[in-house]
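Novice: Residues per chain are reported as follows:
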Amino acid sequence: MADGRGRWVTVTLVAMALAGAAAWWYWPSDERAIRERLDGLAEAASSKAGDPPMARMARLARFRSAFTEDVHVRVGHAIEWSSRDALLGAVAGWPAGDLSVSLVDEQIAVSPDRQAADVRLTAKVTGRDPSTGSPTLDAREVQFGLVKRDGEWVVSRVEDRDTLERP
Amino acid sequence: MRGSNPPEWRPIVGRNPKATAARATALIVIATLLFGVVLLPIRLTGISMEPTYHDGGFTVVNRLAYRFSAPRRGDIVAIRMAGEHAVYLKRIVGLPGERVQIEGGTVYVDGHAIDEPWVVRRAAWELPLFTVGADEFFVVGDNRGMPIALHDLGKTRRERIVGKALF
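Protein sequence lines, in the order shown, are assigned to chains A and B.
Be aware that the first sequence starts at 1, since it is given in the working numbering, and climbs by one per residue.
Be aware that the second sequence starts at 1001, since it is given in the working numbering, and climbs by one per residue.
Check before you lean on any hint, since a few could be wrong.
[What the hints assert, rightly or not] Quick list of simulated restraints, FRET-style, between CB atoms:
hint, chain 1, residue 1, chain 2, residue 2, range
1, B, Asp1055, A, Ile79, 22 to 28 Å
2, B, Glu1126, A, Gly76, 19 to 25 Å
3, B, Ala1026, A, Trp27, 28 to 34 Å
4, A, Asp150, B, Ser1069, 50 to 56 Å
5, A, Ser83, B, Gly1145, 39 to 45 Å
6, B, Arg1158, A, Gly76, 23 to 29 Å
7, B, Thr1025, A, Pro52, 47 to 53 Å
8, B, Val1120, A, Thr126, 25 to 31 Å
9, B, Ala1124, A, Pro28, 37 to 43 Å
10, B, Ala1124, A, Glu159, 29 to 35 Å
11, B, Ala1024, A, Gly89, 52 to 58 Å
12, B, Ala1024, A, Asp98, 49 to 55 Å
Hints in this document: simulated from the structure, not taken from any laboratory.
The structure displayed is predicted, hence computed values, not measured ones.
Idealized CB from N, CA, C, for every residue including glycine.
Using the sequences plus the hints, can you model the full thing?
Specialist: Printed below as a string of structure tokens:
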């Protein structure tokens, strides 16, 4: 009897722990919605060399939906876009090839009114060197600004950051 | 329970499943602590640390190296970006408060050329005199044969240094 009751207690505790973990993991929150938005953005920014045109178009549409119309994007000191259309035009012009984008180490700060957020993260881009065919990896720190529009988080600002401050 | 498991399960759970479970748990806990707190394994990409490290090489960083002592000149350190998923691996050349300059590829610290036996090839790098901040370190890769414009170097704050490369 004692053995049977002990087993039930163990099973109940494990089930409660699993339920708690699942609730913690899947509970809707702004941070979770922002992570999903950024994951979707990274997926939409990635491409494969053999992507059919329709898949490419669908990917660009998903990419477009992640930004506000007046998004401001700055990469380094020379490259800057001040609208979604300009950004999309630049991205659509990239040569098709194997490119994988992942956004890692997100640090999310949501404003007190839950309508805006700042995210600092590392963007990792892996691809292939066009001349040698060998794999390449580039990583940059990036600061995202997001705003909530009609209940959806969209990116309004993107700026890269220098990890090492060049004198 | 001892010896009660069917013979076909023994290669997986052993003769004593409880002891096997305890050993597996201990192993997981030790590995989690070791790689979550003490060690950071790194796969290297790029050529900026040639010839000390090659593209595709591997090393391990000791996160506790600077717990009780300050980073020193010549140490190879990992510098985090937004987090530890992507880090720079660089050598410390300038310490807090020092005046650093690169002239004709030679590094001068407080007016004296420093000995850098790890540098094999030297291009004629030029970097005007600057002072490293109170809580900063100046870091450079070992590959001084590449153009300085293509080489990530610069000042970093102490809090960004994750640890010291072990080998």
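Novice: For each hint, tell me whether it holds in the structure or not.
Specialist: A quick look at each hint next to the structure:
Separation of Asp1055 of chain B from Ile79 of chain A is about 26 Å and conforms to the stated range, judged on CB atoms against 22 to 28 Å. Judged by the Cβ atoms, the range 19 to 25 Å given for Glu1126 of chain B and Gly76 of chain A holds: they are separated by roughly 21 Å. Taking the beta carbon of each, Ala1026 of chain B and Trp27 of chain A are about 32 Å apart, inside 28 to 34 Å as hinted. Taking the beta carbon of each, Asp150 of chain A and Ser1069 of chain B are about 54 Å apart, inside 50 to 56 Å as hinted.
With their beta carbons about 42 Å apart, Ser83 of chain A and Gly1145 of chain B fall inside the hinted range of 39 to 45 Å. In this structure the hint that Arg1158 of chain B and Gly76 of chain A lie 23 to 29 Å apart at CB holds, the actual value being about 26 Å. The hinted range of 47 to 53 Å is satisfied by Thr1025 of chain B and Pro52 of chain A, whose Cβ atoms lie roughly 48 Å apart. Remark: the range hint 25 to 31 Å for Val1120 of chain B to Thr126 of chain A is upheld by a beta-carbon distance near 29 Å.
Restraint check, Ala1124 of chain B to Pro28 of chain A: a C-beta distance of roughly 58 Å breaks the suggested window 37 to 43 Å. The beta-carbon spacing between Ala1124 of chain B and Glu159 of chain A, approximately 33 Å, falls within the hinted interval of 29 to 35 Å. Between Ala1024 of chain B and Gly89 of chain A the CB atoms are about 55 Å apart, so this pair conforms to the stated range of 52 to 58 Å. At about 38 Å, the CB distance of Ala1024 of chain B to Asp98 of chain A disagrees with the hint of 49 to 55 Å.
The earlier numbered hints that this structure contradicts are 9, 12.
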